[in-house]
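Whole structure, please, built from the sequences with the hints as guidance.
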Amino acid sequence: MEHAHDPNRPAWVKHYFHSKEQQLSAAKFGMWLFLAQEVLFFSGLFCAYIAFRWLYPETWLSGADQLNKWMGGLNTLVLIASSFTMALAVRGAQTKSPVALKVNLLLTILFACMFMVVKYFEYSHKMHLGIFPAQHYAYEGSTGLMPIFFAIYYCLTGLHGIHVVIGIGFLSWLLFAAQKGRYMDGNYAYVENVGLYWHLVDLVWIFLFPLLYLVK
Amino acid sequence: MTVETPENPEMPETSDDSVDTAAETGTTPTADHSHDDHGHGDEPSYLTYGMEKGLLSFIKSWLITVDHKRIGIMYLISVLFFFAVAGFTAIAFRIELLTAAPDFMSADTYNKAFTLHGGIMVFLVIIPLTPAALGNFLLPLMLGAKDVAFPKLNLASLYVYWLGAALLVYAVLGGGFDTGWTFYTPYSTTAQGPITWALLGAFTLGFSSIFTGLNFIVTIHKMRAPGMGFFRMPLMLWALYATALTQLLATPVLAITLLLVAMERIMGIGIFNPDLGGDPVLMQHFFWFYSHPAVYIMILPAFGIISELVSVHSRKRIFGYGAIALSSVSIALVGFLVWGHHMFVSGQSELSGVVFSFLTFFVAIPTAIKIFSWVGTMWGGSIRFNTPMLYTLSFLFLFLIGGLTGLFLATMSTDVHLHDTYFVVSHFHYVMASGAVISFLGGLHHWWPKMFGTMYNETAGRVGAVIIFLGFNLTFFPQFVAGSRGMPRRYHEYVKEFEGLQAMSSYGSFILAAGLVWVLCYLLYALFKGPKATDNPWGAVTLEWETATPPIEHNFHHTPVCVRGPYDFPEIDESLSDGKH
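For the protein sequence lines, the chains are A and B, in the order given.
Quick note, the first sequence lines up with residues 2 to 217 if you use the numbering used here.
Quick note, the second sequence lines up with residues 362 to 942 if you use the numbering used here.
No lab work stands behind these hints, which were simulated from the structure alone.
Honestly, I wouldn't trust all of these hints.
[What the hints assert, rightly or not] Under the rule of at most 25 Å between Cα atoms (straight-line distance), these lysine-lysine pairs were calculated in the DSS-like manner:
id, chain 1, residue 1, chain 2, residue 2
1, A, 181, A, 29
2, B, 513, A, 29
3, B, 513, A, 15
4, A, 21, B, 893
[Claimed, not checked] Label pairs and their in silico Cβ distance ranges:
id, chain 1, residue 1, chain 2, residue 2, range
5, A, 36, B, 726, 29 to 39 Å
6, A, 98, B, 423, 14 to 24 Å
7, B, 831, A, 167, 46 to 56 Å
Bear in mind that the values here come from a model prediction, so they are computed numbers and not experimental data.
For every residue, glycine included, the Cβ atom is placed at its ideal position computed from N, Cα and C.
Listed below in structure tokens is the structure:
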């Protein structure tokens, strides 16, 4: 548009916004609303968790025994570390430091991939034993209504895993754009918003870990 | 609302967006074409820009547009298309129900037909009808903004809608599904047919609704014109705001529910399967946690339309502005706490039945406040009995019946008798069909000149409104009687004694359909041959009437400034009023 020379109105401000402040605050507010929507999306499964744990408390105790606390713990540390590097990446965009932005984005992606690798080992070990969700459950060495516990387990961690994979996609896109020199002109709403999303994904796991692994 | 002296509204910092001083004069506002100091005097309207480059690129300019007005129009066309499909289906099974014996279609086809009608009407028509079609067009204009906050997300929501619709259509063509629109387990997880595709279709449509809701909330919070506080917004915007809150917060719960039912079908996860320790009633809880608020997604925008229409066409300030505005939000909030009243006979505990029944009565309070305020607005006004006003009166009458019969159903003792009868069918048609469709028709006539720049024939419009009102009552009123006498819903053949009532209902539906076809015909005629509309044919004072008719691509030449309340009509004599309406 014709505002390119106005210092208060950089070229990246969309024509339908009065000012860059309006655009940035709209972007961030939109992301918070999206996160509210995400929380409610997960809440259905958390309610199912509450209902079944209340119905079958014994099952939940023996179910937690089947999960590997060390792997879950490791993944918790990995995700917390990734949230830290994500925060540093946002800081890098704010301080207009391209190196800090790119290095921290890359670290976040690596941590996220590490999370998925650990998850892969957990899943494949269980499936090897015959621990499948509900109907296809074939593991003999457990008591209680294990199929329903693992239905909840697979749904919650699976949905969370999908969110991690989507997060990796967003982070890679940011890294790709940062490589081309973007986000250094004050227009780092994308970085901030992906950061918010990533923290939510992290936060969901912070709830999942004790609820599933540390019940006992 | 009082007329306030313009308090130096915050001036936009850019040189281009100079304030349109025409708004401050208090005269009937018009888009001021003389202000063409930036050379946009002869801008084409939003409907036609891009036309000069040939037909193909014109169509492309529509399909990749991020203009909220064009997206609204495309939503309008898509939604009306599916409305016609659902209407034909309804006519088909009303023909079957003319007689007690099964003669026109098989039981299986009948089940698929009413499922199709319900599924399409809920997910593809009524939910997007007013928010996505009219709302998309109006919301930025009413706010005095140039677009919604996220125009690309807005276009994405339309494409997601088309994708979801395609999945549903695929499920229908692949043999149809007969679960009812509610997808109750265990039937939906065990029945044969392309139910998984239908589930994924409804799941996808949910995201279209979420995107629209998210966009609207951010736009209302961040992009109001200078001078427009929350309590200077037209009530349509309050209603769309409350709707958007519900869309954003309820729909994800439906999404996860449908996803779990689909997963149950695909890989047997068992969460809703009692054989594996799952719980089918849990599915009903999840489903109604969304689907009851969804009822308010359907009805709240209607409240917004009626608030605008009743005030503009009574030439009077709305009575109880703040009460109507806040009652929309409180309906949205209370709506989250009443889902259990759909499940009085599902085996939930008596205590939760009592609590849900009690909470449901609460919804009647904000709703009654609205009805009272609308009637109060008309009292002493100079009412114009034109087409939009006839739809408004029709809405008030029908919605009152729908609302009061809702109380019968909220009462546990009567609900046990009326549950799953035609009484329920009639109740929700009086609320949803009258609420959403009649108010939408009123709104469409009211904003038609602004949307398309032409006028429809007023006499034809009035005739249509009356036919629809009569047809509607003849269709659904006998169903109250049949239901209270024990006629169950979703029955393909029925006992002989209901034949009279059922036949009345069927003939009513034919009249209703004829009325709707009549409306379609004269509106299409108006679209192509109608006389040109002026910028503000109703003398309304909300901002959407300040721009050109039809609006230009970027809505306003200059950022409008809101200097008065949305219902401060110029002819209201301030000297006679204490200003405290």
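Checklist entry - Which earlier hints turn out false for this structure, listed by number in ascending order? => result 4, 6
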